[in-house]
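Just need the whole structure built from these sequences, with the hints factored in.
For what it's worth, the working numbering labels the leading residue of the sequence shown as 1, then goes sequentially.
Hints were generated in silico from the structure; no laboratory data involved.
Where is the CB? At the ideal position from N, CA and C, for every residue including glycine.
In silico EDC-like cross-links for lysine to aspartate or glutamate, where the CA-CA straight-line distance does not exceed 16 Å:
hint	residue 1	residue 2
1	K100	D120
2	K35	E55
3	K82	D120
4	K45	D34
5	K93	E55
6	K82	E92
7	K100	D78
8	K82	E97
9	K45	D62
10	K100	E77
11	K16	E39
12	K16	E26
13	K82	E104
14	K45	E104
Estimated spans, in silico, between C-beta atoms of each pair:
hint	residue 1	residue 2	range
15	K93	P13	31 to 41 Å
16	E92	H113	13 to 23 Å
17	D107	L40	13 to 23 Å
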Amino acid sequence: THHDHIENLDMFPKTKVYVHSGADTEIPGAIVVDKDVFELCEGVKLVHTPGHCPEEMSVFVDADRHYVIAGDAVPLEDNFTKNIPPRLNTDEKLALESIKIIREYADVVIPGHGFPFMADQ
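See the structure below:
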């Protein structure tokens, strides 16, 4: 969990925060997830997508389409379309496996640092 994704959590004091058990950061009140797939509610799952960092999780949403809020598992569209692991990663092989998992599910990808895009382009 990197600060560029959680910097303003204090603005949402009633929000539930979920972190993977591999996280090396402590967020007061966070709910620790120790599974590869954790169902938040019907149609919404947290999926462990390591590689960029060991604790990386992406949000898979089954709605009118399959959406993935990928975080830094897919920081930019090029990482997805060109099958390039994140520039900064702890395990390149796992990063590529995580991109593959996202590719197999997603119709729409919301990357960690770019605009949403259609997965089939």
